[in-house]
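Now for the letters of each chain:
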Amino acid sequence: MKQLKYETKRKFHGFVFILPWLIGFIMFFAVPLVNTVVYSFNEVSVREQGGMNLEYSGIQNYIDLFQKEVTTANEQVLRLLVEENQQMIINVPLIVIFSLFLALIINAKFPGRGAVRVIFFLPIILGLDIVMSMMQLDTGMMGQAAATTSAFADASIAESILKFTGLPAEAIVFIKDIINNIFTLITQSGVQTLILLAGLQSITPSMYEVAKIEGATSYETFWKVTIPAIANIIFFASIYTLIDVFLRSPITKEIHQFAFLKSKIGVGSALSVIFILNAVVLLGLISWFLKKVVKLDYGK
Amino acid sequence: MANNRELDKMQVNNVYIPEKFKKAKIPWEGYRIKKEAMGLVQKVFFISLVVGLCFIILYPLLKLFPTVFGEMSDLGNPDVVWIPKEFSTVSFRAAFKIAMGGSIGSLVISVLYALSITAIQIFMSAMAGYSIARINFRGRNIIFALVVLTILVPPQALLISQYLHFKQFDVLGLITMFTGGTIDLINKPYVLYLMAFLGFGLKQGLFIFIFRQFFITMPNEFEEAAVIDGCGFYRTYFKIMLPNAMPPVMTVGVLSFVWNYGDVYYTNYFHPDGPYLSVILQRMFDPTRREAVNDALFKHFDIFLTNQMTFDATKQAALFIFLIPLLIIYFLAQRKLVENLERSGIVG
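Quick note, the sequences are listed as chains F and Z, same order. 1 is the number of the first residue of the first sequence in full-length UniProt numbering; add one for each residue after it. 1 is the number of the first residue of the second sequence in full-length UniProt numbering; add one for each residue after it.
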């Protein structure tokens, strides 16, 4: 038998390494994805002795989804989608900026930094779904998230300070909303803070030295040294945030609702397809926008 | 003119200083005071910011403190804000009894489950990441694009067909051919391991991505030296590449453990009867089960005035117990985590 070339062997072994993933991809991703699309164009019913009946019904499922069906909160599906997208467009930059802020603070040198770091990364744990759902109380009386912010909401101090700045009412309401949502904001920023901190620490100190010698103020250093150096990571963090926000979206509950409780598999699949398209389109938009700002370099 | 002459005199012999200058403060002293004051103000501002942020993050946990450590009869007492009147472990005992059946079995099983899934995820993701990063086989870029695609598509969107697919599981008609029917994979313990093993566990696309980003930055010399010294492909990987990949292993390990331990999504759909603490807790403390939990409180702990708040106190004590393994791992790992993440490739 002819001896195989080193490169060929290597390719073969490399392929063996990726093979389990490829099998998994077909079994757990490609087939379900195709099936979801197929179901969304069919009337699906599960037979009693196993197996499924598919009846082609064109885009009837999609029409039903937008015209007949309502969500658990008795809203129209379209309205839920629009509201979700609005929320995401506001929340994603907020979460990224907030975690950048946290990362910048931990990156500074001050006594007790270790302890602060432990606390700042706690959201990785506190952000788990199960923890959030168990911490939130069902009575309004002691609701944690509500109580965190009720201090802000009740006290007119914060509000009067805001009014004192002479901002328009819409801006004040917007800021108040952010403050009211701060608990959600924090619980979703754990991993991003970690990623951004790692990015900040990978900047070589000599860059800052040069900036200092050249007489740059800390403000200038931030915009001219820090931000360009971690632009890639900000991009990554934004994408990660968007995916994370999608995972927590109430739309996923609706999909479950349609498929398992109302047993309308077709309609649920139609919603899934729209959900995927929505995610991909929004991701595309955000990456397009960020690419204008950030020069991407993804390991070639 | 006169002014000029006066200044000249000052500069030349440094002795003559006009009266009006004598009274004035020395300019640099004012500058120093101003600078120090500004520094102090900045420091105070910074510290209050840090303390404030820490407080906001810890607030939910701090607020739970009097609820879970206090007597049940003190719940809702407006006098109790931060520190319980009398310390008591009754909520913990109740949570332990009601949610976990009085043994730490489910806790241990959950930790073991999360650990083994973590090990599988690290092993498989590292292999896949290595292959995509360093082997130049045909279609490698397509595979990488597919990995990114699996990160981007939310798994919940595939839930329905994945569930139905598992309910009547079959690989290309092979299983029907041999056994004459499909297998029901739902509610089998091994299905979660199988998914992790084939690279589709919880957020595994992200882990593969992290490993790929790390391996691509590793210098070629490692592999070349190993090959020249007579290592085969597998030996090179397991003896040289994997031990050098500790940073991403750490990062992926911690994230995978935290997520798998707290996961209620995969476990709930694919193995609902499993002994996972997260699923048990979620089911046990569903709002609809309030009466049942309160009845148990009354029966085992002689608590007469059961209401929403006793239910909540039990629930949160259970949450504390649930969090213990997570917090231990977290405190052990967090110091290393940042150092490692820096070198683990996400940063690129």
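Don't read these hints as lab results, they were simulated from the structure. Heads up, some of the hints might be wrong.
Below, a list of computed lysine-lysine pairs in the PhoX-like style, where the Cα atoms sit at most 20 Å apart [to be verified]:
no. : chain 1 : residue 1 : chain 2 : residue 2
1   : F       : 262       : Z       : 167
2   : F       : 109       : Z       : 336
3   : F       : 291       : F       : 68
4   : F       : 224       : F       : 212
5   : F       : 291       : F       : 224
6   : Z       : 97        : Z       : 63
7   : Z       : 188       : F       : 212
8   : F       : 109       : F       : 212
9   : Z       : 239       : F       : 9
10  : F       : 109       : Z       : 43
11  : Z       : 43        : Z       : 63
12  : Z       : 97        : Z       : 299
13  : F       : 68        : F       : 253
14  : F       : 224       : F       : 176
* To do: Determine which of the earlier numbered hints do not hold for this structure and return their numbers in increasing order.
  => Hints 3, 6, 7, 11 and 14 not satisfied by this model.
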